[in-house]
Amino acid sequence: MNQPPPPPVAVPPPMVMQPIMHPPVGTGAVFPPHEQFHHLAYCVHSNPSWVQVAALAFLHYLVMLGSTVMLASTIVPAMGGTPGDKARVIQSFLFMSGINTLLQTLVGTRLPTVMNASFAFVVPVLSIAKDFEQNNYASSHQRFTHTMRATQGALIVASILNMILGFSTIWGAFARKFSPVIMTPVVCVVGLGLFALGFPQVGKCVEIGLPMLILAVVVQQYVPYYFHHYHERITFLFERYSLLLCIGIVWAFAAILTAAGAYNHVSLKTQQHCRTDKSYLISSAPWIKIPYPFQWGTPIFTAGHSFGMMGAVLVSAFESTGAHFATARLAGATPPPASVLSRSVGLQGIGMFLEGIFGAPAGSSVSVENIGLLGLTKVGSRRVIQISTGFMIFFSIFGKFGAFFASIPLPIFAAIFCILFGIVAAVGVSYMQFANKNSMRNIYIIGLSLFLGISVPQYFHEYTASASTGPARTNAGWFNDIINTVFASGPTVSLIVASILDNTLEFRGYENDRGLPWFMPFLHRRKGYSDPRNDEFYSFPIRVHDVIPSRFL
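First residue of the sequence shown: 1, per UniProt numbering; consecutive thereafter.
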């Protein structure tokens, strides 16, 4: 009997691998742009307690003192000056830094920026010193005084350039061409361009500089992070005032090494960088001396020296402009309007004019290390900087007290600069969030501007170090000084390259990629177009609109 065939077995359909649904690219890693840093404790117009203000103001004074001593140590010996002359130059620098900082915070940009003697003036000052090197003088002090008088005259004349650029609003017209694509490399180079003042100076006395660098990182960053559960007050103190503690500890360590004879049998150069008693500032500084006009004698006016000095004056305007944008970010303010930048440059010219009169051998620009300190302490208060001018002026008059702090070994300051300059450089990166980060056009402009801003000055510095003169070697000394000064400045090179490329390369139709819809309302101050928050940060403390035309404000 035939069996019926078995029913067909249902064959399951082949397994179809279902695609794994991944989240959209970038989910969880995209942070919206923020116009202000959220971790700031105090912004421009908010103020901590008076005790905190005083402590932070003194810290700002100490930080700017390091670069002041470095600059004086560079130019005064080349001019034929003695340790006593160096002490008086430092006093003049501090006095004028206090005056210029007060002017800028009151009627300049109104940002918490410290104005300090600028290294941009090294090239023209050394050029003037070299011109008088072969002359016959009765003493080296006489040669120093003569060089100082020539430097004063050149600075007085050259300062007029910044007054013209600023008060004629030419600088403001130039600033209206800025964009986040331009500011990104410029602010980066404002910090990175000073790398020679960082670890290369630490390495000159590594047993002091390196412990300072490590201690500052550990105490300021790791201690608050790991011990915040135990006592909130201790965490707050370490986070905000740890640099004062670190400076005191390492300075005492350097004094112990000096007293123990650790540097008795080393080279003179090592002693100058490591010992706490080799600066001779305390012994040579006067107890009380107020810097006064023409303290070195009547200025000597020479056309060639004046034109050569104009290169440094122009560079200080470029560098300060980039520094103001970094300050605005770290102080919780909006980007400075073009008109504010213009009046700041004009006021900077007035400050240099006063510096020439009061005998400071170099003009001033924004102190980059103090910008980094705003971010490190998370306090961007204008009042702190204004109070710090009191310390600058006080210690410039009472020379012995100022010389006591100025005798801190320079590698200690250099270790601090490694941190502070790095913070400023990183702030530049934050400006890229307001432009298209995936645009090859923007990447090209930022990359080239950033690289040339570091590479071109490095070439000029290496050439000068090997040949004792800059690459520009024509028969016109003033022209050589201008070229060698301008292209030895990283922010200047970066700003020039970025401004040309961003305003000529595919600039029409790419406004959104360039970040202009966000940026332009801050740069302009026209009614109905400018951002209303500009007045909150940059308006004058008193009503001056009835006296000064609005285009200058």
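If you're looking for bench data, these hints aren't it; they were derived computationally from the structure. Accuracy of the hints is not assured; some may be wrong.
To be verified - Taking lysine-lysine pairs in the PhoX-like style, the calculated list, with each CA pair at most 20 Å apart, reads:
1) Lys400 / Lys289
2) Lys204 / Lys269
3) Lys437 / Lys278
4) Lys204 / Lys278
To be verified - Label pairs and their in silico Cβ distance ranges:
5) Leu505 / Gly390: 45 to 51 Å
6) Ser284 / Glu506: 55 to 61 Å
7) Gly297 / Asn136: 27 to 33 Å
The beta-carbon is built from N, C-alpha and C at its ideal position, and this holds for glycine as well.
Among all the numbered hints in the text so far, which are the ones the structure does not match? 3 and 7
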